[in-house]
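K.L.:
The lines below spell out each chain.
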Amino acid sequence: MDFQSCVNIKKEWDIVGARQLGRDIAGKVGFGTVDQARIATAISELARNIYLYAGTGKVCFETIEEINQKGLIIIAMDDGPGIRELNQVMEDGFSTSGGLGAGLPGVKRLMDEFDIQSEQGNGTEIKVVKWLR
Amino acid sequence: MRIPILKLHNYLLISIQIDLDDQTAIQFQEDLLSKIHESGATGVVIDLTSVEIIDSFIAKVLGDVVTMSDLMGAKVVLTGIQPAVAMTLIDLGIHLQDVPTALDLEQGLIKLRQELEE
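Same order as they appear, the protein sequences are chains A and B.
Sequential numbering from 1 applies to the first sequence in this note's numbering.
Sequential numbering from 1 applies to the second sequence in this note's numbering.
To be clear, the hints were calculated from the coordinates, so they are not data collected in a lab.
Among these hints, one or two may not hold up.
Said to hold, decoys possible - Now the stretches of chain B that chain A is said to cover, found in silico as 3 or more residues with beta-carbon under 8 Å:
#1 21 to 32
#2 85 to 99
#3 109 to 117
To be verified - With a Cα cut of at most 30 Å, we get these calculated DSS-like pairs of lysine-lysine:
#4 B/75 x A/127
#5 A/11 x B/60
#6 A/108 x B/60
#7 B/75 x B/7
#8 A/58 x B/60
#9 A/11 x B/75
#10 B/7 x B/35
Said to hold, decoys possible - What follows is a set of in silico ranges between Cβ atoms, one per label pair, in the way DEER data are often shown:
#11 A/27 x B/17: 18 to 28 Å
#12 A/92 x B/64: 44 to 54 Å
#13 B/71 x A/28: 26 to 36 Å
Quick reminder that beta carbons are idealized off the backbone N, C-alpha and C, glycines included.
Construct all of the structure, not just a fragment, from the sequences and the given hints.
P.N.:
Shown next, in the form of structure tokens:
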């Protein structure tokens with residue numbers, strides 16, 4: 001855990017701010033253009049979920065710099081209502097907001113590790129990791 | 001922020017050169033449909049060469065605007081989708097299957113001309 005910074009998600013424009021900061025950090029870690037796009041897109045999905053479903057929350061970044069491994073951890077957290085349909089939201093095409101339902105299953109495919117903790121009434125925390133190859 | 005829409009003969013040309021936020025994307029959708037309505041354009045090229053990220057929301061807005069324009073009688077071609085963006089969209093599970101695309105603006109105009117048989 002060498003570096004940590006967070007972007008508060010309060011308004012719609014913060015989604016853009018979060019993905020731009022994430023892309024910058026990913027570039028500094030050494031990720032190429034394609035992985036930078038994957039990371040920025042994953043952040044965009046996570047930040048939008050916070051904005052849409054919880055109202056406010058934050059997206060935090062931590063870089064991992066170990067001798068044999070470098071990577072980026074992104075944590076998206078909110079104190080929103082939590083996700084009731086946890087199994088369903090991980091299915092492609094499921095959406096309660098009229099979207100494409102590509103968000104969370106998409107994020108899982110874009111990143112290398114994906115962990116979600118959500119409790120009804122207790123918010124949601126999603127942690128994803130991308131390793132530099 | 002408004003995305004400029006240029007008219008060239010029967011076509012409308014748009015080059016998106018900013019990092020699209022949701023509001024700008026929705027505004028663009030409305031602006032394009034009104035512009036089609038008032039100009040009577042039959043073809044539209046939306047060039048995405050400078051777009052570095054398309055997430056599921058932006059993809060939905062773009063896919064929808066193609067269908068909406070089609071309903072109004074105008075063909076839309078998306079051009080210049082970057083390699084990284086194409087790979088990311090497939091990871092997301094978004095295939096934009098019914099959306100006409102072309103490599104660049106030039107190919108996009110050729111495709112429109114073919115589709116409209118002019």
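K.L.:
Of all the hints numbered above, which does this structure not satisfy? Sort the numbers upward.
P.N.:
3, 4, 9, 12, 13
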